[in-house]
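For the record, the sequence lines run as chains Y and A. For the first sequence, our numbering begins at 1 and goes up steadily by one. For the second sequence, our numbering begins at 1 and goes up steadily by one.
Take the hints with a grain of salt, since some may be wrong.
Across the chosen pairs, the derived CB separations fall in these ranges [what the hints assert, rightly or not]:
hint	chain 1	residue 1	chain 2	residue 2	range
1	A	T16	Y	S3	19 to 27 Å
2	A	E52	Y	S14	48 to 56 Å
3	Y	S14	A	V60	40 to 48 Å
4	A	K18	Y	E15	41 to 49 Å
Here are the simulated DSSO-like cross-link-like pairs (lysine-lysine), alpha carbons at most 30 Å apart as the crow flies [said to hold, decoys possible]:
hint	chain 1	residue 1	chain 2	residue 2
5	Y	K102	Y	K68
6	A	K40	Y	K49
7	Y	K49	A	K22
8	A	K22	Y	K77
9	A	K38	Y	K49
10	Y	K102	Y	K49
What the hints contain is simulated information worked out from the structure, not anything from laboratory work. Glycine included, every Cβ here is placed at the ideal spot set by N, Cα and C.
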Amino acid sequence: GNSVTQMEGPVTLSEEAFLTINCTYTATGYPSLFWYVQYPGEGLQLLLKATKADDKGSNKGFEATYRKETTSFHLEKGSVQVSDSAVYFCALSEPSGFGNEKLTFGTGTRLTIIP
Amino acid sequence: DTEVTQTPKHLVMGMTNKKSLKCEQHMGHRAMYWYKQKAKKPPELMFVYSYEKLSINESVPSRFSPECPNSSLLNLHLHALQPEDSALYLCASSQGLAGGYETQYFGPGTRLLVL
Chain Y
1 GNSVTQMEGP
11 VTLSEEAFLT
21 INCTYTATGY
31 PSLFWYVQYP
41 GEGLQLLLKA
51 TKADDKGSNK
61 GFEATYRKET
71 TSFHLEKGSV
81 QVSDSAVYFC
91 ALSEPSGFGN
101 EKLTFGTGTR
111 LTIIP
Chain A
1 DTEVTQTPKH
11 LVMGMTNKKS
21 LKCEQHMGHR
31 AMYWYKQKAK
41 KPPELMFVYS
51 YEKLSINESV
61 PSRFSPECPN
71 SSLLNLHLHA
81 LQPEDSALYL
91 CASSQGLAGG
101 YETQYFGPGT
111 RLLVL
């Protein structure tokens with residue numbers, strides 16, 4: 001079956017530091033890959049996505065590249081801000097053929113940025 | 001616009017009460033999802049509706065009863081819940097295109113407390 005492994009948190013960084021959150025996956029086919037962010041007390045927001053190998057998703061200064069050879073989708077940001085403090089979920093889905101796809105989530109990584 | 005709305009934001013109910021959670025989207029999406037999220041955990045899929053028909057039920061107890069009255073609305077009827085059902089309930093939607101690479105968009109959630 002499908003699975004997603006994320007680096008264990010919590011992660012604490014100083015403002016303007018470089019961020020990497022590792023994500024690797026196992027899938028039987030050709031999944032789409034996602035990063036979702038959850039701010040305290042809120043729902044999940046789509047941060048970025050990639051649908052095929054070598055695609056790079058990017059949004060709000062965050063980037064992740066779909067690496068099929070290493071089955072990875074690591075999240076990076078060059079200079080984090082206090083407002084980036086949140087829980088980050090890596091996820092994958094595979095086309096079901098019926099238009100209703102299951103998302104497989106990683107366990108989430110809590111990120112705290114200190115001024 | 002990628003907005004999914006959910007009401008109420010917060011709900012407190014006793015174990016003998018009957019209540020309903022509501023979810024609405026106006027993106028023309030034909031797949032809608034209910035997830036349950038416990039603290040510090042990723043969301044767990046409960047139900048999927050595809051073209052207003054229940055297509056996935058992840059062995060959820062019968063005290064949770066989903067309903068999809070039309071393509072824009074999704075309800076979750078609650079009856080005789082247990083304290084362990086206290087959680088954040090998230091609704092999501094996606095286009096619902098067969099064979100497509102779907103992206104799920106989440107609402108802000110309803111935080112449920114069962115006393």
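Hints and how they fare:
1. A:T16 / Y:S3: 19 to 27 Å: Since T16 of chain A and S3 of chain Y have Cβ atoms about 39 Å apart, the given range 19 to 27 Å is violated.
2. A:E52 / Y:S14: 48 to 56 Å: The hint (48 to 56 Å, Cβ to Cβ) holds, given that E52 of chain A and S14 of chain Y are roughly 50 Å apart.
3. Y:S14 / A:V60: 40 to 48 Å: Given about 43 Å between the Cβ atoms, the range holds.
4. A:K18 / Y:E15: 41 to 49 Å: holds (48 Å)
5. Y:K102 / Y:K68: Satisfied, since the Cα-Cα distance of roughly 20 Å is no more than 30 Å.
6. A:K40 / Y:K49: holds (23 Å)
7. Y:K49 / A:K22: Cα-Cα ~27 Å, so holds.
8. A:K22 / Y:K77: violated (36 Å)
9. A:K38 / Y:K49: holds (24 Å)
10. Y:K102 / Y:K49: Holds, at about 15 Å.
Checked against the numbered hints given earlier, this structure breaks hints 1 and 8; the rest are met.
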